[in-house]
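Sequences listed follow chains A and B, in order. Using the working numbering, read the first sequence as starting at 1 and increasing by one per residue. Using the working numbering, read the second sequence as starting at 1 and increasing by one per residue.
Do not rely on the hints blindly, as some may be mistaken.
Because identical chains cannot be distinguished in the list, a pair is counted as satisfied if it fits within a single copy or across any two copies.
List time: in silico SDA-like cross-link candidates among lysine to any residue, alpha-carbon distance up to 25 Å [unchecked claim]:
#, residue 1, residue 2
1, LYS52, ARG20
2, LYS205, ARG87
3, LYS302, PRO62
4, LYS22, CYS44
5, LYS302, GLU161
6, LYS302, MET1
7, LYS22, ALA80
8, LYS288, ILE92
9, LYS75, GLY311
10, LYS302, THR174
The hints are simulated quantities; they were obtained by calculation from the structure and are not laboratory data.
Protein chains: 2
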Amino acid sequence: MPELRYNVLTREWVIIATERAKRPDQFAKSEADRRKLPAFNPKCPFCPGNEKMTPPETYVIPDGKGWQVRVTPNKFSALAYEGERRRAIVGIRRTVTGVGIHEVIVETPDHSKTTALLQDREVELIIQAYLNRFKFASSDSRIEQVTIFKNHGEAAGTSLEHPHSQMIATPVITTQLRDRLFNALEHFDEFGECIFCRVLDQERKEGVRIVLETPHFVSFIPFACLSPFSILVMPRRHMACFAEMNDAETADLARNLRRTLAKLYHGLGDPDYNYVVRTAPTEYCGVKYYHWYVSIIPRLTKMAGFELGSGMFINVSLPEENASFLRGIQVQ
Amino acid sequence: MPELRYNVLTREWVIIATERAKRPDQFAKSEADRRKLPAFNPKCPFCPGNEKMTPPETYVIPDGKGWQVRVTPNKFSALAYEGERRRAIVGIRRTVTGVGIHEVIVETPDHSKTTALLQDREVELIIQAYLNRFKFASSDSRIEQVTIFKNHGEAAGTSLEHPHSQMIATPVITTQLRDRLFNALEHFDEFGECIFCRVLDQERKEGVRIVLETPHFVSFIPFACLSPFSILVMPRRHMACFAEMNDAETADLARNLRRTLAKLYHGLGDPDYNYVVRTAPTEYCGVKYYHWYVSIIPRLTKMAGFELGSGMFINVSLPEENASFLRGIQVQ
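Work out the full structure: start from the sequences and follow the hints.
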């Protein structure tokens, strides 16, 4: 019989459709469908030599001959950097001027290299860039929330194939984040513990959904995983905010994230995926009840009317089976 | 400058990306990409003559020679119909046995006819079938929430092209619905009005986002529309629950829904879409603060990392421009 599981972090129900479940390897891309990219594409705005095709950079990590990581404003920014944040409240209308920061983090000069194929040290530089831009955006008094995310592949909503991620800093906090903060606060008040620390502890005790443990991070497929192979990469140390991470943790996040993505890459044939840094805003640094993490969402199935209409999900795979499959994929 | 708009019904923010906005006709499918289906497909389990390829029907609306609408259990049901609802609470774990009802509503015998191409009377029969199954499922004491939805086209998550919709009745109520009920209740307590009636009233006064008015229903693109061409079809009369609709309203919903979908069909070249009946459970019949409606969501853009990670949306089109475009599409 199928089982409904409740995600205590997000308050979402998922139907684990045991009878319809696919085996882990049935989610793999066929060899013919895999991406084959050149190391350099003369028309790509993110390839070295084409820097003038993007707005001037806001941050750069140089290497010997050029740059290793390069951050620029998004040429097709969803928000305007210049301008005042003004809120208008007229009757039931609430609007805010669309000011904010929308940047692109170009992750490597090599057009063909996805995160799974980089060196740990190269991924560490990407995360250092994230930290720099996160702190920069958070220090802007117009900004309430900073979202760092990556769209890898067409099913994940990207139009440019050169490896890159994005940051969107918005002049409002979303109800989704506010609800999750409040949910975690209620748990803390009632049980005297961080709900995320508790989940991590339970996952480590059971072990069956763990993907990879490194000194400072644990990646696992959560018990109430909403879609096949969704993975959380969670710091062992309690931290509410991404910006609280120290140097050793930054290096270890690179190691864990890169290897976890490499397991997906080799196990499922380079699937399309999103990842996102789910964090409290910096003003929450130090609070005892919230805990940041990275959420990896492979785009192996489509959201249909039921998911959109109810907020409940159907997962046609078994989290335990998928985690065991990924543990078995050997990566460097 | 872009504008952030707040959806007072769902508490979601959307960035109306004015500078990146596409014109309405830029969302149209090219002639080459349009569906071309035969009226009969011998391999289709929903085509007449193939009834034995599905489980026995639970409801049928006959016509002279056979059936016009046919409901059967989903052959690949996400939930088990037989069984007891049992909840297990162990530590932070909450699970419920996966019992419920998952049915398919085959909308017409004709493989090639989508809702936009049916007669009003044929669509009315589909809605009568929805009402029958909604009431049937709601009377099952194991059921807390009933979701009726349609997935039209591959981008909307369907695998079968024969026109059909689905009903999933679940043994729990989702946080999404509970939050929306509560949000509406709070508005009622503070302002003494149904927030949905207020929104409808405001949309009708302004007129610029109206798509189609019929005697009992109004279809419109909401002010804080999350994605291009998303449309609400809302009853003028205050009703919390779908099952409260009378016969005249049922006929008029068919008329409004069919013509609204026909405007999308002719204006955008038969786009893929989902629709979903958003309603309170039957136990809420008669409450003053909630109001059911149908939500149509054309799948013209993809949810990417930002949307998944923040719960905020970027709409690359102008609701006012799109509504004006649809008003201009003449349909029978």
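Hints, verified against the model:
Only between protomers do LYS52 and ARG20 lie at most 25 Å apart by alpha-carbon distance; the minimum there is 21 Å, versus 51 Å within a single protomer. In this assembly of identical chains, the alpha carbons of LYS205 and ARG87 lie at most 25 Å apart only when taken from different copies (23 Å versus 48 Å within one copy). Proximity of LYS302 to PRO62 under the C-alpha cut-off of 25 Å is found in neither arrangement, the shortest distances being 39 Å within a copy and 34 Å between copies. Proximity of LYS22 and CYS44 under a CA criterion of 25 Å is satisfied inter-copy only: 23 Å between copies versus 37 Å inside one chain copy.
With identical chains, the CA atoms of LYS302 and GLU161 are at most 25 Å apart both within one copy (21 Å) and between copies (16 Å). For the identical chains of this complex, LYS302 and MET1 are intra-copy neighbours only, at 23 Å inside a copy versus 33 Å across copies, given an alpha-carbon limit of 25 Å. In this homomeric assembly, LYS22 and ALA80 come within 25 Å of each other (Cα to Cα) only across copies, at 18 Å, whereas the closest approach inside a single copy is 44 Å. Taking the shortest Cα distances, LYS288 and ILE92 sit within 25 Å of each other only across copies (18 Å), while inside one copy they are farther apart (35 Å).
In this assembly of identical chains, the alpha carbons of LYS75 and GLY311 lie at most 25 Å apart only when taken from different copies (23 Å versus 33 Å within one copy). In this assembly of identical chains, the alpha carbons of LYS302 and THR174 lie at most 25 Å apart whether taken from the same copy (24 Å) or from different copies (20 Å).
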